[in-house]
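Top line first, the protein sequences correspond to chains A and B.
Take 1 as the starting number for the first sequence in full-length UniProt numbering and just add one per residue.
Take 1 as the starting number for the second sequence in full-length UniProt numbering and just add one per residue.
No wet-lab data here; the hints were simulated from the structure.
The reader is advised that the hints may include incorrect statements.
Any copy will do: because identical chains look the same in the list, a pair fits if it lies in one copy or spans two.
[Said to hold, decoys possible] Simulated pairs of lysine to aspartate or glutamate, EDC-like, Cα-Cα distance not exceeding 20 Å:
hint: 1; residue 1: K285; residue 2: E305
hint: 2; residue 1: K285; residue 2: D47
hint: 3; residue 1: K367; residue 2: E106
hint: 4; residue 1: K367; residue 2: E37
hint: 5; residue 1: K367; residue 2: E10
hint: 6; residue 1: K367; residue 2: D387
hint: 7; residue 1: K367; residue 2: E423
2 protein chains.
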Amino acid sequence: MNRMTDAALEESRQRVRDAAERARSASRRLALLSRAEKDAALGILADALTQASGQIVAANESDLTRGREQGMPESLQDRLRLTPERVAAIADALREIAGLPDPVGEVVRGSTLANGLQIRQVRVPMGVVGMIYEARPNVTVDAAGLGLKSGNAMILRGGSAAADSNAQIVRTLRAALEQADLPADAVQLLDGGHDDVTALITARGLVDLVIPRGGAGLIQAVVLGATVPVIETGIGNVHVYVDRAADLTVARDIVLNSKTQRPSVCNAAESLLVHAEVAEEFLPKVLGDLSAEGVTLYGQPLVVELGRAAGIAVEPVTDEQFAAEFHGLEMSVGVVPTLDAAIEHIDRFGTLHTEVIVSEDRSATRKFIAEVDAAVVMVNASSRFTDGGEFGFGAEIGISTQKLHARGPMALAELTSTKWIVEGDGQIRA
Amino acid sequence: MNRMTDAALEESRQRVRDAAERARSASRRLALLSRAEKDAALGILADALTQASGQIVAANESDLTRGREQGMPESLQDRLRLTPERVAAIADALREIAGLPDPVGEVVRGSTLANGLQIRQVRVPMGVVGMIYEARPNVTVDAAGLGLKSGNAMILRGGSAAADSNAQIVRTLRAALEQADLPADAVQLLDGGHDDVTALITARGLVDLVIPRGGAGLIQAVVLGATVPVIETGIGNVHVYVDRAADLTVARDIVLNSKTQRPSVCNAAESLLVHAEVAEEFLPKVLGDLSAEGVTLYGQPLVVELGRAAGIAVEPVTDEQFAAEFHGLEMSVGVVPTLDAAIEHIDRFGTLHTEVIVSEDRSATRKFIAEVDAAVVMVNASSRFTDGGEFGFGAEIGISTQKLHARGPMALAELTSTKWIVEGDGQIRA
Numbered sequence: 001m002n003r004m005t006d007a008a009l010e011e012s013r014q015r016v017r018d019a020a021e022r023a024r025s026a027s028r029r030l031a032l033l034s035r036a037e038k039d040a041a042l043g044i045l046a047d048a049l050t051q052a053s054g055q056i057v058a059a060n061e062s063d064l065t066r067g068r069e070q071g072m073p074e075s076l077q078d079r080l081r082l083t084p085e086r087v088a089a090i091a092d093a094l095r096e097i098a099g100l101p102d103p104v105g106e107v108v109r110g111s112t113l114a115n116g117l118q119i120r121q122v123r124v125p126m127g128v129v130g131m132i133y134e135a136r137p138n139v140t141v142d143a144a145g146l147g148l149k150s151g152n153a154m155i156l157r158g159g160s161a162a163a164d165s166n167a168q169i170v171r172t173l174r175a176a177l178e179q180a181d182l183p184a185d186a187v188q189l190l191d192g193g194h195d196d197v198t199a200l201i202t203a204r205g206l207v208d209l210v211i212p213r214g215g216a217g218l219i220q221a222v223v224l225g226a227t228v229p230v231i232e233t234g235i236g237n238v239h240v241y242v243d244r245a246a247d248l249t250v251a252r253d254i255v256l257n258s259k260t261q262r263p264s265v266c267n268a269a270e271s272l273l274v275h276a277e278v279a280e281e282f283l284p285k286v287l288g289d290l291s292a293e294g295v296t297l298y299g300q301p302l303v304v305e306l307g308r309a310a311g312i313a314v315e316p317v318t319d320e321q322f323a324a325e326f327h328g329l330e331m332s333v334g335v336v337p338t339l340d341a342a343i344e345h346i347d348r349f350g351t352l353h354t355e356v357i358v359s360e361d362r363s364a365t366r367k368f369i370a371e372v373d374a375a376v377v378m379v380n381a382s383s384r385f386t387d388g389g390e391f392g393f394g395a396e397i398g399i400s401t402q403k404l405h406a407r408g409p410m411a412l413a414e415l416t417s418t419k420w421i422v423e424g425d426g427q428i429r430a
Numbered sequence: 001m002n003r004m005t006d007a008a009l010e011e012s013r014q015r016v017r018d019a020a021e022r023a024r025s026a027s028r029r030l031a032l033l034s035r036a037e038k039d040a041a042l043g044i045l046a047d048a049l050t051q052a053s054g055q056i057v058a059a060n061e062s063d064l065t066r067g068r069e070q071g072m073p074e075s076l077q078d079r080l081r082l083t084p085e086r087v088a089a090i091a092d093a094l095r096e097i098a099g100l101p102d103p104v105g106e107v108v109r110g111s112t113l114a115n116g117l118q119i120r121q122v123r124v125p126m127g128v129v130g131m132i133y134e135a136r137p138n139v140t141v142d143a144a145g146l147g148l149k150s151g152n153a154m155i156l157r158g159g160s161a162a163a164d165s166n167a168q169i170v171r172t173l174r175a176a177l178e179q180a181d182l183p184a185d186a187v188q189l190l191d192g193g194h195d196d197v198t199a200l201i202t203a204r205g206l207v208d209l210v211i212p213r214g215g216a217g218l219i220q221a222v223v224l225g226a227t228v229p230v231i232e233t234g235i236g237n238v239h240v241y242v243d244r245a246a247d248l249t250v251a252r253d254i255v256l257n258s259k260t261q262r263p264s265v266c267n268a269a270e271s272l273l274v275h276a277e278v279a280e281e282f283l284p285k286v287l288g289d290l291s292a293e294g295v296t297l298y299g300q301p302l303v304v305e306l307g308r309a310a311g312i313a314v315e316p317v318t319d320e321q322f323a324a325e326f327h328g329l330e331m332s333v334g335v336v337p338t339l340d341a342a343i344e345h346i347d348r349f350g351t352l353h354t355e356v357i358v359s360e361d362r363s364a365t366r367k368f369i370a371e372v373d374a375a376v377v378m379v380n381a382s383s384r385f386t387d388g389g390e391f392g393f394g395a396e397i398g399i400s401t402q403k404l405h406a407r408g409p410m411a412l413a414e415l416t417s418t419k420w421i422v423e424g425d426g427q428i429r430a
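Just chain A, same shape as in the assembly (with noise of 0.2 Å):
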């Protein structure tokens, strides 16, 4: 690293200590708010934003208006798009956000001692976190509002294609916490270059979790790079794996609704295993449901086989297809001879998040469910429905698929770390 490099990390560096520092500040101030003083906080909050409506979208045209010069896709542009009505929805989630019960003060557990001690153990806000985000802008406003909710001061590095989106948020949030009565210092934006990451990821002391939200590329570079504890999110490849004695009706469905109800989230199924017994006759069928609906398929010999007798075009698949998480209509095929063969084909491609059996076979499916290890095991559902709002969390930060801390959808529980308090009087150790 030469001498200019190093001058602007230590920048890097002194910006975030700086930010951290007044985010750890207002967090003692988070930390004891009553639950009515965050929820009215919520509200004016939202108000504020729909309020600045305008502004933000106007900041907003000008974030898309650099896109289309860059060439940056249709898809990409929608997911950046903030309209009225879109400012509008993301300002009600802060509303649905008060809704939800206070996290803080929650007792998880707790007992009287032999000696007479009274243990509890309490929830309380992480304290000082940062989130590392790409694409949609709303990310930003459900990670100050679970922030605030939660007890926690938000440091946000959000993507550079939604810099100037992000700025007029953060700039309306912090005016309306003013407003509230509360630090502005609630909610920080870092606007620096790739520093300010290597920075936030390395505030060890300063920063009490880092919580990376994107593509496999950004999520590797924060959990490899990071000394602060880190929370791993979203790299989905999901399976759905049609066992023998599935109702293939209801396996058509799942399918269909796992692969192409929202293709483009970790959430969605990359990968389809169907037991060898029922290949024949389910696999054309459902080739064809996918095929129809626009899905590119890669499958096994047998599949591109049966798929070739129903005039459904389906490629020769590879290892790094089933490996792989498309992110897109494409659909990696599979026949298996066993269950399992399929638990191993899904502990070999498999990345912890959710995986699908459909099957009327109890004994199957309670073999799926104590042996494959993912953060969801769906029966009979479609894969979809990992997500913390269908779970009744309210609102989310991301889906960890990392065994600790969390697992699965994360929203206000995920944010919070304990105290155990300990009353006496006057006890001491023998």
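Mind docking chain B on chain A? Use the hints.
Only chain B this time, still in chain A's reference frame:
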């Protein structure tokens, strides 16, 4: 790094990779065991240790001889020493673990969604857990026992001072696992050089969690070098704050017990803060108590002065001493004008482990509980109660001082992750 070092590290990586793959395979088996099977195996392990007591004590004698030759202090020799009685006590710890409830399978929460999907979050083993520790060979047995009960395969890396003891213990445990018809690779010992540690903490995808347990240097090295998830443990700069509303008799007992009952451990107090209003009454007494117990005292000017008036030697304190975890008979002593000043001091010098307030004033204790950021906040009780055994967990794998996943004493539940199980009848997303 030169080529020879590279080659050695690559060799370690290969060895750790092989060990982790064997551990993964064993962990699949462990994850499916019933409580009855695990408890029976723990009994067989305990019996095997008792039967091998002679060999274990002999191996330990060889560690001790090497230690004495290298000038190991008597206190460390005592921590390392195994006698037939100590081996019996270590074996009994396994029987106690067998008596604890099985954490695996516990339903943490669950509900039925509006669409009829039944969701439940269930505790599952982490999978493969690495543990890096120094000092006492009983940790080897505790880790193996807690790992087995929680369904995890353990890769252990003990300190070189206990190499022969650990090797004999693990040999005994592995033979007993086979006798119990379980995979021996549920417990493995890494006995290579420091490269093994580097390889273990960077074995992403192979190792689910690493827990370092030992001195500050070890823990820092692991936390900074790791790319696998880590739980930071055990650095404790523990404060006892004696409020102006303290029962001073209770306060003397708590200060003395917190500092001297076992000064070498992380939950021993290192620093005493006294409210100015009671300093003149309280300090001469407690400084006398501490001095009589052989505690070397470092104090702020008023403390030095009060000590001198009472004929007790108190050296002027430095910020380094206020920040230090002495692990021995030394204590820093400060006088604070207010409760807020005490909280600020703890915020500056504390390590988020255990903080104690002695007070009969309800608003003071409530404020201390709410505002002090620590794994454990004690009111009118000795800091020595921060301990898995004391909390009723039956055993302890370490004390987490981080906020992610686990905070405070860690036992069986903290060695588990969770899995969401979603059961439906063909539900798809609209």
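Structure-based check of each hint:
1. K285 to E305: Within one copy, since 14 Å is at most 20 Å while 90 Å is not.
2. K285 to D47: neither (50 Å within a copy, 60 Å between copies)
3. K367 to E106: between (35 Å within a copy, 17 Å between copies)
4. K367 to E37: Classified as between: cross-chain Cα gap 18 Å, same-chain 48 Å, threshold 20 Å.
5. K367 to E10: Cα proximity of K367 and E10: none, with 53 Å in one copy and 38 Å across.
6. K367 to D387: Classified as neither; 24 Å inside a copy, 38 Å across copies.
7. K367 to E423: between (45 Å within a copy, 14 Å between copies)
The structure shown violates the earlier hints numbered 2, 5, 6.
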